Amino acid sequence: MESYKVIGKRIPRTDGKAIVTGEAKFSDDFCFPYMLHGKILRSPYAHAKIVHIDMTRAKKLMGVKGIITGRDTSEQKLGVNPELMDRYPLTKEKVRFIGDEIAAVAAIDEDLAEEALSLITVEYEELPAVFTPEEAMSGEAPLIHGKERNIAFHFTMNLGNEKQAVKKSSIENEDSFIIPQAANGAIEPHCSVALVDQDRRLSLWSSTQTPFMVKRDLARTLGFADEKVRVIKPYLGGGFCGKVSLQSHEFCASLLALKTGRPVKLALSREEVFVTGGGSVPMKIKIRVGMNKAGKLQYFKSKVIAENGAYTNLAFVPLLSTGLYLNLPYQIESISYDGYLVYTNNPPSNARRGAGSPQLYFALESLLDQLAADAGIDPFDLRLMNSLESSAVTISKFRVNSCGMKGCLTESRKRSPLGIEDIDSALYAGKGLACGAHTAAASRLGPHDSSSALISVEDNGKLTLWTGASDVGQGSDTALCQILAEELGINLEDVSKVNPTDTAIVPPDLGTYGSRVTFVAGNAVRNAAKEAKKQILEVVAKEVGTSLNDLDIKENKIYHKISGHHYLSFAEAALLSYKQGKPILARGFYDTKTEHFNFQTGEGNSAGAFTFGTQVVELEIDPGTGLIKVKKIVAAHDCGFAINPMFIEGQVEGAVLMGMGLALTEEMLLKEGRVLNPSFLEYKVLTSMDVPEIEAVTIESNDPEGPFGAKGVGESGSIPTAPAINNAIFAVLKERVNSLPLTPEKVLKHVKKNYVRVIEI
Amino acid sequence: MKQIVELTVNGEPYEVAVDPHRTLLEVLREEIGLTGSKEGCGLGSCGACTVIIEGKAVLACLTLALTVRGKEIRTVEGLAKGQEFSVLQKAFIEHGAIQCGFCTPGMLMSATALLSKNPHPNNDEIKKAISGNLCRCTGYAKIVEAIRSVADNIQKT
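In order, the protein sequences belong to chains S and G. As numbered in this note's numbering, the first sequence has no gaps in its residue numbers, which increase by one up to the final residue, 853. As numbered in this note's numbering, the second sequence has no gaps in its residue numbers, which increase by one up to the final residue, 1395.
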């Protein structure tokens, strides 16, 4: 058992002081002299042709300095998947949802910008619109992008032998599940500030999780050379996938800055964020599972209809994962999957924490719970007998190098066994469990899946770390410094990371999504640290006349491994390297050992690592109102190795609450394409009053490829909560509510039935 | 038409020219340059703009700047005295109660207002005091723990 000095320790955020004093700057905190304020004109129609845009009155308004429309933009589109780019930063010709971006203005203050919007007259020719995927696919609906039956993306996967698997199944069951759209709900609204200098170089401060992606796509959409664009990610007030890749407001702020020659700030209102922020992909999942009498799972068969909305953002990733992750966390020999991503004239969906996993496991884990009941098998035992283990290779060729699924199950069972409730009102109290899995290192989406890091050592032994990794609140800046300090054998206090993430200064990293930072950036940082260690030991070895391999660094001292003799302190060695004219400057790279996933077959190990989790929920149902009160959640999640246990707990606690929100209160409500609840007053995000007792348990499966065994866990905690709650409801009422959220109205219907049954007894 | 008004923020007087419809949040952030108080919704539904006015936690985005002339306004920037941080600020850092940090200023102000009125709150009272401050990152657990630790220490002395 390794005894580490810096990692594995509950160390507070190294930048905590900046945050608690209000010094930490988020995008909207940046102001520049002569700065203009931008606002976006949005479509009031769900589907219409733009006949004419008249800007004469708006242009005449004093204080208005610039107006842009789709006419001012190139043919380059937004999006992360070259096959699915269907959206201009400002729409041309047609509007496709209520809220679609038509024009943008820059004025000397926000009020004038709003007034300018009202002076732009747009003539529309309304078109018939379609608001459900089923209608959109029917063949009779208007085509939103000219794609047959409005199908943006269709993915099928048939692995293994279904016929054989069905033969081996003595118990089968199937059910349908409905998961609506849930908003990302990051407390910081989207905001960007664009600045152009005399050499026509563009700088953009933006609330983004992916500064390098934004830089690349800004250059492309603006027709700029890559080196003329710089993107800076300052402190970010949460993302949860809602701030990934180039967004319309970032483009508009940039183009307006170029046209006016002045800095432009474009901040979205909370209402705009709810309408255009995307949120999770709404899905209808039909799933069928077969298992043998002993409880061994034989096949999964699933059909998913997912709603893209008016344009494609990231939604194809959640859809893909509802198919691919049927390979996790259980051994299964046959999977057949048919998934559709469908256009509608509703606002575009996107992705939320967990991508498609919250949706998939809501369906799968609820159905498995039913199968356990059908077969008379304990729900824990059913999962344990089917779980994957470390080194497994799935039929889709996922290499599950580390798998803590069994650990999650046994530990959560120990802490919260089924059948034992601690609550008095036993009649309407119950427990349910569910599992989940997800990537712990994103996925290979492009030519590489990498990160790079630079370390420089000053003449006093202090280190600076440059990395493009973006901390979105998970504490990765601190964790990466911990990895560095541990590898080099020095104090954490001697390490500082360059902030903010500025693409002109730090080496590239794809960004924060898919829980990739600890694994990918962590490895890049560790590799850079190894290189730095080699350089500094070379200096000392030469100085003291010994071999490089005889030396090591511990507690800031360089010593001989065998004799234990201390030669120099780290600071002295650093000074020596300077005196010799060769300061320590190290670089590290890491690209995941993955391959591109095959869209035809569904095969390929596209993720460097996977995370697993189990949650046991204990709740009470109020029989009079149907209201659910969650009393306690035990959440056991596999993070490989906890670089900072306090951060892991924080991630799990936060994710569990998001999972609870998805389960109980969160739902974007739409009518004829209009979002009815675009504010925190009507869209119910859980508050401190809703928090149950949460016991976060860290499971360490020691990933062989992860830095010190660590892998991502940021999304893991948001996945098993909804099915665990659904299963707890079943434990109480013997009924399933298979559509989210599990509102009192839905639950009450089942309570009444149950109540009657009890009276009859 | 703009009016000249003197606002007292963190013990300092600031003379600003504001239109009657400008909120305290806008004036703090844009005229005075104190960007610690955040705008999360502009509607009073998220609590990120919480400041303390005469001891009470108040939503700055719903407060008209002209209505608070002559009143003691305290923002997150006024919690520390130079390099001496308040016990709450230290507790938030120690207990991992900070993730993205966007809700933190509002949380600190709500908690500061609570503890100045009620130095011995129980967990329910703590949760109620911050129930108007939304956090999407932490699940509130460590925030409550941090406030609890300060309340307990006050009890010990």
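Some hints here could point you the wrong way.
DSSO-like cross-link-like pairs, simulated, lysine-lysine; straight-line CA separation at most 27 Å [what the hints assert, rightly or not]:
| id | chain 1 | residue 1 | chain 2 | residue 2 |
| --- | --- | --- | --- | --- |
| 1 | G | Lys1366 | S | Lys101 |
| 2 | G | Lys1355 | S | Lys109 |
| 3 | G | Lys1366 | S | Lys724 |
| 4 | S | Lys844 | S | Lys721 |
| 5 | S | Lys101 | S | Lys622 |
| 6 | G | Lys1294 | S | Lys723 |
Derived contacts from chain G toward chain S, CB cut-off under 10 Å, selection only [what the hints assert, rightly or not]:
| id | residue |
| --- | --- |
| 7 | Met1239 |
| 8 | Val1243 |
| 9 | Thr1246 |
| 10 | Tyr1252 |
| 11 | Ala1255 |
| 12 | Gly1308 |
| 13 | Lys1309 |
| 14 | Glu1310 |
| 15 | Gly1334 |
| 16 | Thr1342 |
| 17 | Ala1367 |
| 18 | Tyr1378 |
| 19 | Lys1380 |
| 20 | Ile1381 |
It should be emphasised that the hints constitute simulated quantities derived from the structure, not laboratory data. Here the structure is a predicted model, which means the values were calculated and not measured. Heads up, the beta-carbon is just placed ideally off N, CA and C, and yes, glycines get one too.
Tested hints:
Under the criterion of a C-alpha separation no larger than 27 Å, the hint pairing Lys1366(G) with Lys101(S) is inconsistent with the structure, at around 32 Å. Between Lys1355(G) and Lys109(S), the direct Cα distance comes to roughly 25 Å. Compliance with the 27 Å bound is thereby established for this hinted pair. A C-alpha spacing of about 19 Å is found between Lys1366(G) and Lys724(S), which places the hinted pair at or below 27 Å, so the restraint holds. Only pairs whose Cα atoms come within 27 Å are accepted, and Lys844(S) paired with Lys721(S) is accepted, the gap being roughly 18 Å.
For a cut-off of 27 Å, the pair hint linking Lys101(S) to Lys622(S) stands: about 21 Å separates their Cα positions. Distance restraint check for Lys1294(G) and Lys723(S): the Cα-Cα separation of roughly 32 Å exceeds the 27 Å cut-off, and the hinted pair is therefore not satisfied. Interface restraint check: Met1239(G) against chain S, minimum CB-CB distance 14 Å, threshold 10 Å, status violated. For the restraint placing Val1243(G) at the interface with chain S, the shortest Cβ-Cβ distance is roughly 19 Å, beyond the 10 Å limit, so the hint is violated.
Violation of the interface hint for Thr1246(G) is found here, the shortest Cβ-Cβ separation to chain S being roughly 18 Å, above the 10 Å cut-off. With a least beta-carbon distance of about 16 Å to chain S, the hint placing Tyr1252(G) at the interface is violated under the 10 Å criterion. Among the interface hints, the one on Ala1255(G) is violated; its C-beta lies about 14 Å from the nearest C-beta in chain S, farther than the 10 Å criterion. Hint status for Gly1308(G): violated, given a least beta-carbon distance of 24 Å to chain S, over 10 Å.
Proximity of Lys1309(G) to chain S is violated relative to the hint, the smallest CB-CB distance being about 20 Å (cut-off 10 Å). Restraint check, Glu1310(G) versus chain S: the minimum CB separation of about 18 Å is more than 10 Å; hint violated. Interface restraint check for Gly1334(G): the shortest CB-CB distance to chain S comes to about 4 Å, inside 10 Å, so the restraint holds. Checking Thr1342(G) against chain S by beta carbon gives a least distance of about 5 Å; that is within 10 Å, so the hint holds.
Because the smallest distance between the Cβ of Ala1367(G) and any Cβ of chain S comes to about 8 Å, under 10 Å, the interface hint for this residue holds. A cut of 10 Å between beta carbons decides the hint on Tyr1378(G): the least distance to chain S is about 4 Å, and the hint holds. Nearest Cβ of chain S to the Cβ of Lys1380(G): about 6 Å, under the 10 Å cut. The hint holds. Interface restraint check: Ile1381(G) against chain S, minimum CB-CB distance 7 Å, threshold 10 Å, status holds.
The structure does not agree with the numbered hints 1, 6, 7, 8, 9, 10, 11, 12, 13, 14 stated previously, though it agrees with the rest.
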